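A.B. asks: The chain contents come next:
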Amino acid sequence: MRPCIVGIGGAGGNIVKNFLQSEDVECPLASFGGEYLVFGGIKGVWLDSDQDDANDQSFFGRLEDGCYPGYIISHDIIDPDSNLKKYIMAKYGHDLKVQGYDRRAEYLKAVFEIFDKDPSVKDLALDEFSPKNPKAFPLLGSNEIGLENPLPGYIWRGGFRRFTSVGKKENPNGNSLPVNGKEGSAVQFSSAAKNFAKFFARSANKVNSSSKDCDSLLFLASLGGGTGTGFINPLSRFVRNEERAFPIFALGLQTERGADSRHAEERKRNLGSAIAMYDLLTKPPGSGIDGLLLVDNEILHKKYSGNYQAMDKAVFRALRPLIDPKNYPDSLNQDDAPAIRGKFLENLRFPPILIPCHFESDKNVNESRLVQCALKNKLYSCDHRRADMAFVFVRGLISDAAIRDAVNIHTTIPEKMINVYRKIGEGKRKEILILLRNPYGGLPFKEGEMDTMESRFIEVMSSALDFMAEEHKRVEKRSDGTIDWANQPVSLVNQADYSSKTKDALFKYFYGPEGLEIRIKESIDKLMRGEAAPLFIKPLDIFDGNGESRREQISPSDKSKVFSPIEVEEIERIISDKLRGIEKGRA
Amino acid sequence: MNYEIFNFIQNRVVLLMASIGLILAFVILHRFCMSRLYAKLDRIKKSSFKIDQLEEVCSKPQGSNFNTMAIVSWNLLFMSIGMLFFLTPEIFGLSLLKVPQLASSRFGFLGFGIFFSFITFVLYISLPGIYGFYEISKKIKTYIFYYVPVMLLISMILSVYLTTIYPLRNDSIWSLSYIFMILGEILLVSPIFSGVRGRLK
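Protein chains in written order, with our numbering: chain A, 1 to 587; chain B, 1001 to 1201.
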């Protein structure tokens, strides 16, 4: 598997940096360039929405300027005087060029829905981002069709599509951009070095193999409500619409408990996380991602005492067995991304949640010990016996049969549901990554266990509900049920920049009869009952087909069809108990 | 200055054998390591592949900058061995100075270098390929990239100096030249020795 790794937002960028560390020699005085060699021969990009963040670092250069490793700012394609920008601002109150998204996952969700659904916006976009307007196509080339949805279109077509096997190869050098765009003698040296090494391909360790195209996409983002949370779903959806069978995976980082460095409170971040997970997991195969790997930063935070660099590195190390290209000689195509995609989705109606368990050792440990240690080292708490399938990626001299046996014994997953991918690795080190598919469906609160996946999900969703409920209380309705937004305090829905139309739509999205609040309660109920996957089923949009507020599909009186009053009462009681427990724990 | 430290370097033929032996050990150890790896894999699961296929799979790119410099460094190593032992007829009868026309030519040293590069071409082109089978830290790569060519160039310059003063001798300079050469060589083979140790554990 050779993914193109797209780190979205601040956290995504920090993690992808670990994947893109050059393994070749660099000169501090000048960039010698050459083939940019990284572990596994993968490619990667950092996608962000804040130019200031990009300016504050030196690892990534601007992709548009021909730098690699590069970053791309999502809204760079939008001109400050764009008519489209003005139209959306006036009609919806969303600013396409806002720097960062201030922990509002629903902000970007709404932006992408507007482009998807509002015909006037589509027309304006097609007009403004047509091939006739070369200024709007800095990276796209001349023979592209117009862009209905310029933000993801720009990111995908102008950003990282070139690194994948589906990318157009108009520019033969598209795969070997100069390192950080430095031109001059250094680049000339690098070209000479590259050509020299190509000429002696065998003796030069096949340097060209690293320029192979990526066979899949892996989005890395924090699910904390910021850029990553907002982008991960619309972007994967956009790419999926263009490439129906291209494998797309995502790795989401559940943020740790407590306030983060930007003082964004946990409940608000958890709402972002719930929105992102909901959207990612409700797209049937072929219309969204093909698997969501979940990592709980709370676990890494404890393990590395809050050292974020070490935490980011741990994520990279955990994924190394997945991207290591050194397969055993008799199974060279075993980890071909389309084949893995097929396995991930096997027998499922919705994309799976995959929990990584990782362990590495320089000692001579046997297969059983490797598996045991990996299961103790889960990156998201869960009961491994609940998983319906396991994907085991190992590096080192490890027996296929022994590892299969060990996984079967320790997880009780039937052998035929265990997929083993062996890589030769390097030296004496043995490494294992187990991806447990959908390991939930048990009772959430077990004695003696601090966290289970079910309890962590309930905690995240409960605190999101709590935040929504508190914000709901600030909204006062008129006697006729309508809301005068002008006379309301600022709240989750009543943001100063939103138009009334957007506020109405968001209010229905959050609190409507088929809104997020009800859906989350349904999911919590499922988890409480110990029901197996899927966790979420019905996709939820903010706007309807015309960019208008979503029509209510069931009347408020039908609420009882979703839950009986006793069930509603019971769920609310459980949630408040759980929240009290969390508060107590913290105190 | 006390030059006694260099007195241990008496037998130059032995020293030449030592430097060639190090290169041979580099190759033999690598072959041994691959055979062991193949045997281990065979034990785990009866292999349906040949050892050549294993070599192909095990190889990983080390970077074009590193590869280029590694090839250059191996070329310099053979040149510095040649210049240290075969410019003057002190050890072997066969030397540059035994060919008066070439030795007195303006391009004598250049001709000798080209000749030596030509006859060792296959070696310095193929030997760096072995690096691809081992994990080489960026630190070692940096040493090979920066220090090895410098050491070998110093060794070559000292050898050229010794040739120009011939028939005068300067054992200290010769020893210094040998030390630079052998240090460069040790650095060049070091990734394999540490890699093999890791693989065989």
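By construction, these hints were calculated from the structure, which means they are not laboratory data. The model shown is predicted, which means the values in this text are computed figures rather than measured ones. Where a beta carbon is used, it is the ideal one built from N, C-alpha and C, also for glycine. Be aware that a few hints might be false.
Said to hold, decoys possible - Among chain B residues calculated to face chain A with C-beta under 7 Å, some are:
| id | residue |
| --- | --- |
| 1 | GLY1063 |
| 2 | THR1142 |
| 3 | TYR1161 |
A.B. asks: Work down the list of hints and note, for each, if the structure agrees.
C.D. replies: Structure-based check of each hint:
| no. | hint | in the structure |
| --- | --- | --- |
| 1 | GLY1063 | holds, 3 Å |
| 2 | THR1142 | holds, 6 Å |
| 3 | TYR1161 | violated, 30 Å |
Violated hint: 3 only; the structure is consistent with all others.
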